[in-house]
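Undergrad: Listed in order, the protein sequences are those of chains A and B. For the numbering used here, add 347 to where a residue sits in the first sequence, where the first one is 1. For the numbering used here, add 347 to where a residue sits in the second sequence, where the first one is 1.
Among the hints, a few may not be true.
For chains that are exact copies, the list does not tell them apart, and a pair is met inside one copy or across any two.
Derived pair list, reagent style SDA-like, types lysine to any residue, alpha-carbon separation capped at 25 Å [claimed, not checked]:
hint	residue 1	residue 2
1	LYS609	GLU374
2	LYS475	ARG612
3	LYS475	ARG569
4	LYS400	ASN574
5	LYS455	LEU590
6	LYS510	ASP562
Hints in this document: simulated from the structure, not taken from any laboratory. A quick note: this is a predicted structure, and the numbers were derived from the prediction, not measured.
These are the residues of each chain, in order.
Number of protein chains: 2
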Amino acid sequence: MTINKNTKFLIVGLGLLGGSYARGLTEKGYYVEAITRGKSSCDYALEHEMVKKCTTEVDEAMIKNADVIIFALYPTTFVQWIEQYGELIKPGTIITDVTGVKGCIVDKVQNMLPPMVEFISAHPMAGKEVYGIENSDERIFYGANYVVVPTKRNTDEGIEACKRIGEILGFGRISEISPEGHDEMIGFVSQLTHCIAVSLMNCYEQERLERYTGDSFRDLTRIANINENMWSELFLMNKEALLEQMELFEKNFTALHECLKKDDREGMMEMMRISTRRRKQFDK
Amino acid sequence: MTINKNTKFLIVGLGLLGGSYARGLTEKGYYVEAITRGKSSCDYALEHEMVKKCTTEVDEAMIKNADVIIFALYPTTFVQWIEQYGELIKPGTIITDVTGVKGCIVDKVQNMLPPMVEFISAHPMAGKEVYGIENSDERIFYGANYVVVPTKRNTDEGIEACKRIGEILGFGRISEISPEGHDEMIGFVSQLTHCIAVSLMNCYEQERLERYTGDSFRDLTRIANINENMWSELFLMNKEALLEQMELFEKNFTALHECLKKDDREGMMEMMRISTRRRKQFDK
């Protein structure tokens with residue numbers, strides 16, 4: 348299957364990400380339908396002309412009509428959906444997702460799908476601290492990272508189609524990684540950083556801090572404003588990888604802590620030189 | 348001494364902060380002179396009309412001419428300067444600073460000054476990841492926090508004058524705190540966050556990360572691009588307070604780590620609810 352102007356998209360789950368996919372694809376002239384649990388999200392999407400059709404019930408005709416189905420659900424809900432309704436998907440359909448963990452999802456979903464239905468997993472590295480379709484915005488994707496997570500069971504065609512979606516939505520860098528590599532990296536760059544922000548905000552009551560904070564503290568804790576249902580699920584579903592990343596961070600933090608304890612200025616400066624060199628690369 | 352339109356300012360040290368003070372005060376119509384070590388900074392300040400006069404040598408006449416002297420030096424350099432030249436400051440002068448640590452500075456400087464010279468310490472909570480007068484910009488102060496750090500030896504008049512400087516420069520919230528309170532808070536909101544960012548960037552080579560980072564990782568590590576000379580000095584000069592804050596953070600991070608290890612979802616969610624509630628207050 349190659350994505351072209353006649354490709355019909357179905358989005359399952361109109362939250363922040365699903366809504367942003369709907370806006371982005373519709374704006375680029377694609378035909379988009381949606382299934383979402385809440386009536387108010389459905390109404391919102393129709394009112395704002397983000398989709399052509401929307402239902403709150405799983406609709407067989409809609410599923411059969413789709414060439415590409417994008418799942419924008421919590422990881423466990425996604426797996427349950429496939430268990431329950433996966434057999435309704437017609438051969439030749441490509442399905443993809445936005446799930447923030449991969450190891451415990453991708454194999455499971457690929458195993459459950461009917462023959463000739465290809466699941467090619469993706470992770471759009473974009474978001475906001477606010478949730479729901481009302482906050483959706485296709486511009487969060489512009490220039491952001493988009494990671495395609497193929498397994499041996501994926502075809503070149505499926506991988507290409509998945510990348511094409513990233514291009515259509517305006518992502519900046521599109522890359523490929525294995526499910527295990529994904530979970531390690533996401534454990535580090537996304538989940539660990541949320542752990543840090545949450546831990547920081549747990550240290551003190553906020554009233555004491557507000558008067559003294561500069562931009563660095565504000566930037567560092569922006570993500571401490573967190574959806575506890577989603578993130579605790581993501582953490583648990585990526586438990587082993589995240590625990591490893593937490594330990595790696597603790598090891599490095601302890602090294603700096605020890606340098607300070609021992610008045611080892613050169614040791615601290617060396618860590619700072621490394622961090623500066625690496626961080627500067629990001630802004631190039 | 349009350350600050351009015353005829354008040355003459357002398358800034359010692361034209362780096363990022365000293366330069367931004369010079370720009371801000373000059374723009375508001377005040378008379379500003381400067382002493383700074385590097386000839387190029389001196390030339391830059393004169394060329395850009397940030398000051399009326401500038402020298403690279405400590406100039407007695409200039410010191411005697413000043414009503415308010417603002418020191419924008421590294422902490423140790425500031426103390427050395429006062430040791431060497433403090434006696435040149437004329438009675439009635441108010442001196443202030445921008446130093447990021449207070450406990451080991453304020454008493455020492457107050458003890459060394461000639462009679463009738465008041466040192467009232469301040470910490471402008473604003474900065475950039477770039478250094479030097481070329482990057483100075485008075486707008487970094489607009490709306491930022493400005494903390495005045497008086498001791499028992501300060502007069503109401505001195506405290507008022509110091510606050511007035513913060514107002515002139517356009518700071519948002521101006522507050523007072525003791526030197527010990529300052530160092531504890533700064534250890535937490537500023538130094539600890541830099542420790543975290545540096546430790547994070549030390550975990551991996553950057554090439555592996557770049558393709559997978561979202562905004563949260565970028566925001567969290569922005570301050571990992573760090574001036575190692577200045578920050579290692581700041582850390583060491585605030586060693587006890589910073590060690591305490593590092594331990595407090597480690598305790599909270601370990602608590603989250605333990606929750607994840609034990610699959611304690613409710614424990615994680617409770618920490619996330621606390622962090623969300625506290626962080627939301629910041630954006631009000």
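Undergrad: Next step is simple, just say for each hint if it's right about the structure.
TA: Outcome of the hint check:
no., hint, verdict
1, LYS609 to GLU374, "neither (59 Å within a copy, 45 Å between copies)"
2, LYS475 to ARG612, "between (38 Å within a copy, 23 Å between copies)"
3, LYS475 to ARG569, "both (10 Å within a copy, 18 Å between copies)"
4, LYS400 to ASN574, "neither (28 Å within a copy, 55 Å between copies)"
5, LYS455 to LEU590, "within (22 Å within a copy, 46 Å between copies)"
6, LYS510 to ASP562, "between (36 Å within a copy, 21 Å between copies)"
Hints 1 and 4 from the list above are not met by this structure, while the remaining hints are.
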